[in-house]
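One letter stands for each residue in the lines below.
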Amino acid sequence: MTEFHKTQRAMRSMRTAAMSRGVIALLDIGTSKVSCLVLRFDPPEPANDVVSPLYRQSAMRVVGAKTIAAQGVRYGEIDAMVETERAIRTVVQAAQKMANTRVDHVIACFSGGDPRSYGLAGEVEVAGSHVDEQDVARVLAACDLPHIGPGREVLHAHPVNFALDHRSGLGDPRGHVGARLATDMHMLTVDGAAVQNIIHCIRRCDLELAGIASSAYVAGLSALVEDEQELGAACIDMGGGATGISIFLKKHMIFADAVRMGGDTVTRDIAAGLQVPMAMAERIKTFHGGVYATGMDDREMIELAANSGDWEKDRRRVSRTELIGIMRPRVEEILEEVRARLDVAGFDLLPSQQIVLTGGASQIPGLDMLAAKILGQNVRLGRPMRVQGMPEAARGPGFSAMVGLALFAACPQDEWWDFEIPVERVSGRSFKRAIRWFRDNW
Amino acid sequence: MRPLSADPRYPAAPPARGPAAAPRAFGPAKLQKPMRRSAPPSRLAFRLERLWLTPFVRLVTRVGVPVFCVTLGLGLWLGNPDRRAELVEQYQILRTEIQNRPEFRLSTLSVEGASAEVEGAVRALLPVGLPASRFAIDLDSYRAAIRRLDAVESVIIVVQSGGTLDVRVTERVPVILWRTARGIEMLDATGHRTAALTRRDARPDLPLIAGEGADRAVPEALAILAAARPILPRARGLVRVGERRWDLVLDRGQRILLPEENPVRAVERTLALDSAEDLLARDFTRLDLRSEARPTIRLSAAALTALQDARALSTSAKASP
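As they're listed, the protein sequences go chains A and B. Position 429 (the first sequence) corresponds to 429 in the UniProt record's numbering; numbering is contiguous. Position 307 (the second sequence) corresponds to 307 in the UniProt record's numbering; numbering is contiguous.
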C-alpha cells in the first residue's frame, strides 16, 4: 500500500515534469484498439485568474494521433506481452511522427483488472482552531483500509466529501473553523498484476509512465456533461473486451465496476453462430448489426462470402434478422449484467438516474432503446467532448476514454497522494517536526 | 511420417493469368481481404526514431556535423603552409589577370578645357605611364592633385569606354593683377591666385592692385574699378591701406582716399564732383573722401602758392580802394 502510494506520487511528479516540458502522450490500451494521442500544452496565462469552465480543454491541443487494432489484449488486460509491446511501439511511433516531436511521458488507461470500489470513512480531531493541510492529511490517513485482497493495488483514491462537525459536503475544508473533521473516500482497486504488466510494457518501450487510470473513470469524465456529473449519472463505457461502469455524483466518481463482456464478445458470437472468420464477423456487425428486428430485415440478405473452397459454404446468405437474433441476447446479457452491478451499487437511490452509453460498442443501432428497457428510462448515447486538434476519425464514442484521459492529464482531480503526508508518518523529517512543535507551542 | 517442419506437400499453384484461368469463375463477387496489420517497428528502429526526434540530436546532425566536417576538411587542407602560399599566389595571379584585361586598360589621356601649361601639368601629375590598368590609377588622389593646381577651379575625371581617361578641367580666369614685393600675381574674381607674371606689360588689359591683404578684397576692388570706369584711363591702380580700405591712385601723383565702408559710393561722388566742377583736372595730391561729411583736398605746393597769391591779390585789391 505504502509502496504503491509512493509509486503514485512518483507518477504525479512525472506528470508535472511532462507538463513543464509541454508534451505528453496518452495511451489507451483496449481490447479491440490501441490508440495514442500526443498532447501539447500551452503555458497557462498568468494574468488570467478566472478559471473558465473550458479551461481544461482549451489549455491543450492534440498534435499527434494514431489508432491501430490491438494485439495481445483480452478483456482489457494484457494477454501477450510481446505483442502488446509491439502494438504500443507502433502506435507511439506513428503518433510521435505525426507530432514531429519526441514524447517521453505516457499516461495510460485500461479497462480490465477487475476493478472494485470501496467506500472509506475517516474522522479526526482538528489539531488547531482551523483546519490546515496536516489535518486533511491526518483525516485521510485515518481512513481504515478494508481488506482489498492479495495482489491488488489502489488505482484511484478520491476524497469525495469532507464533513466538519455538523456540516457536510465541503469540497475544501482548509481554513474552516471546527473541531471534528471527517471524510469519505472512494477507492478503486485493480489487480496488481495487470498494472504491473502495463508498467512493464511501457518501460520496455523506453517511455516513462506519468499516470495510470481506469478507463471507466476517464470515459465518465468526458462523456458525462457537467450537470450529470454533479447531479448523479452512470457512464457505461462499452468497449471491446470489457464494459466499464462508473457512477458520478457531485463531480466525483463514487463507484466503478466492469463487466468482462463487450463488443468483441458479440463479434465472437456472430463468428460462432454464422461460421465466419472473426474479421468478417466484425465487418458484418459494423455494417449490418442491430438489436431491433423489423419486417424489412427479413428481406435484407447479407452475403457471407468466403474462399474456403466449399462452394456451398462460400455462397451462404443470412438475413439481417438472423444476425440481430445472434447479437441481441448477448447485448441484453451485457446490459443485464450492468443492471445488476448498478443495483449492487445502489444506483436507484441516487437523486438523478441518468445513464450515458458510450464506447465503441454503443454504436449498435437501437441500443439506446434496448438499454432503456433494461436500465431505465433516462438513457442517452454519449459522445466525448471536443478537444482542439483531435482528428475527425477519433471523435466518435469509441474515443471517449481517450478524451477523458486527456482531461485527466490536463487537470486531474485530487487524489489521496496529492495531499500532504501526515507528519507522524514521515520518518527522517525530524527537523520539520521540530519546526512544527515550535510553531504549535509558541 | 513427415516432420511438421517439412516443405508443403502440394506446392501452391502459380498465379493465374487472365480471367479465363481464374479457378473460381463463379465465385462471389467480393472477397474478404485479410485484415492488414501495420508492421510494428523493431526496438532498434523505435529507439532510433525517438533519438532522431530529439531536438538536440536533430540540431547536431543537421548543423553541427556538416559544419564540423567542412571546418575539419578545410583545416586539414590549409594546415600545410605550402598549400596556403600556393592559394594566395593563385589568388594574386587571378586578380592580376582580371585587372590586366583589355576592358580595364586605359591607353590615352585627353584633357579638355585647359591651357597648354595646365595640360602639361595634368599629364605630368598622372602617376603611371599609359597604357595602364584602370585599377593602377588612384583616381581620387589624381583628382585631388589636379585640384591643388592654382590655375584649376574644378576638375571632372571620367573613364570612358575605349580606354580613354577624360580629364575635364575648368580653369580659373585671371581678372586682376596683384603687385607684391615678390612680383606680380594674377588673381581670379574670388582672389585666388592663378599664376605669376614676370612683367606688367604681359597683361595690360588687367587692372592692378597692390598692398598687404589686397587679394582678400578682390571683389570689392572689382566693384570700385567698375564704378570708376570713366576715370580708368587715368588710374594707375588700387592700393590696399592697412588691410581695411582702398586708395585709388591716379597719374600725376594724385590719390583718392576711399572710405572703409561703401567705397563705391565715394567713387560715384567723385565722378559727380568731377563732372560738375572738373575736380580731377585740378592740381591736387590727395582727395580725402574717408569722412563722408567732410571731403578734403590737399593741394600741391604750386597750387597752394598760386592760391595764396590769388587770395593776397584779391585782399589787397579790396583793401586798396
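Note that these hints are calculated values from the structure, not bench results. A virtual CB, placed ideally from N, CA and C, is assigned to each residue, including glycine. Where hints are given, some of them may not hold.
To be verified - Selected chain B positions facing chain A (in silico; Cβ < 10 Å): (1) Ala39; (2) Phe46; (3) Arg47; (4) Leu51; (5) Arg182; (6) Gly183; (7) Leu206; (8) Ala210; (9) Gly213.
Here's how the hints hold up against the structure:
1. Ala39: holds, 8 Å
2. Phe46: holds, 5 Å
3. Arg47: This hint holds: Arg47/B lies near chain A, its Cβ roughly 6 Å from the closest one there, short of 10 Å.
4. Leu51: holds, 8 Å
5. Arg182: Status violated, d = 86 Å.
6. Gly183: violated, 89 Å
7. Leu206: At 87 Å from the nearest chain A Cβ, Leu206/B fails the 10 Å test, so the hint is violated.
8. Ala210: This interface hint is violated because 88 Å lies over the 10 Å limit.
9. Gly213: Hint violated; Gly213/B Cβ to chain A Cβ min 78 Å, cut 10 Å.
Hints 5, 6, 7, 8 and 9 from the list above are not met by this structure, while the remaining hints are.
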